[in-house]
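Kindly produce the complete structure, drawing on both the sequences and the hints.
If you use our numbering, the sequence shown corresponds to residues 1 to 117, in order.
Hints listed in this document are in silico derivations from the structure and should not be mistaken for laboratory results. Heads up, a few of these hints could be off.
To be verified - As a list, the in silico SDA-like pairs of lysine to any residue whose alpha-carbon atoms are at most 25 Å apart:
no., residue 1, residue 2
1, K70, F52
2, K115, G78
3, K70, K25
4, K115, S74
5, K70, I103
6, K107, P84
7, K70, L112
8, K115, F90
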Amino acid sequence: MPFRETTALDGVGRYRTGDDAYEWKPERWLGPLPETVERAAIPGVYSHLMTFLGGGRSCIGFTFSQLEMKVVLSELLGNFVFEPSDRPVFWNISGVTYPSTSIGSTKSELWLNVKRR
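Spelled out as structure tokens, the structure:
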């Protein structure tokens, strides 16, 4: 690959193994989960975040904080109209995909026009 070339990785590619790895077989992902995965004691979707953690020592305010975010969003969406601005949007691919107004920017920004309903 040439120096400084941008590329994206296939998120499901890591699950392709075996002799037929390059054949299109959507049934690979449509079947039921293996029993070992079903029985796994997974602490939660956000357990990797240091803000809430997971398991027996998880933050007791986690569900309350989710509720607060939903209330704020419902108020904003109910009282305002959000439209895209004229500024260009570039999606930066990294550990977390984020929008910015220039290629290669490390500043996450998405400009919107906001009007009261």
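Here is how each hint holds up against the structure:
1. For a cut-off of 25 Å, the pair hint linking K70 to F52 stands: about 17 Å separates their Cα positions.
2. The straight-line distance between the Cα atoms of K115 and G78 is roughly 11 Å, inside the 25 Å bound, and the hint therefore holds.
3. Pair hint K70 plus K25 does not hold up; C-alpha atoms about 38 Å apart against a cutoff of 25 Å.
4. With a CA separation close to 15 Å, the supplied pair K115 and S74 stays within the 25 Å bound.
5. Restraint check for K70 and I103: not satisfied, since their Cα atoms lie roughly 32 Å apart, outside the 25 Å limit.
6. Restraint check: the Cα-Cα separation between K107 and P84 comes to about 18 Å, which is no more than 25 Å; the hinted pair holds.
7. The hinted pair formed by K70 and L112 meets the criterion: a straight-line CA distance of about 20 Å does not exceed 25 Å.
8. For a cut-off of 25 Å, the pair hint linking K115 to F90 stands: about 24 Å separates their Cα positions.
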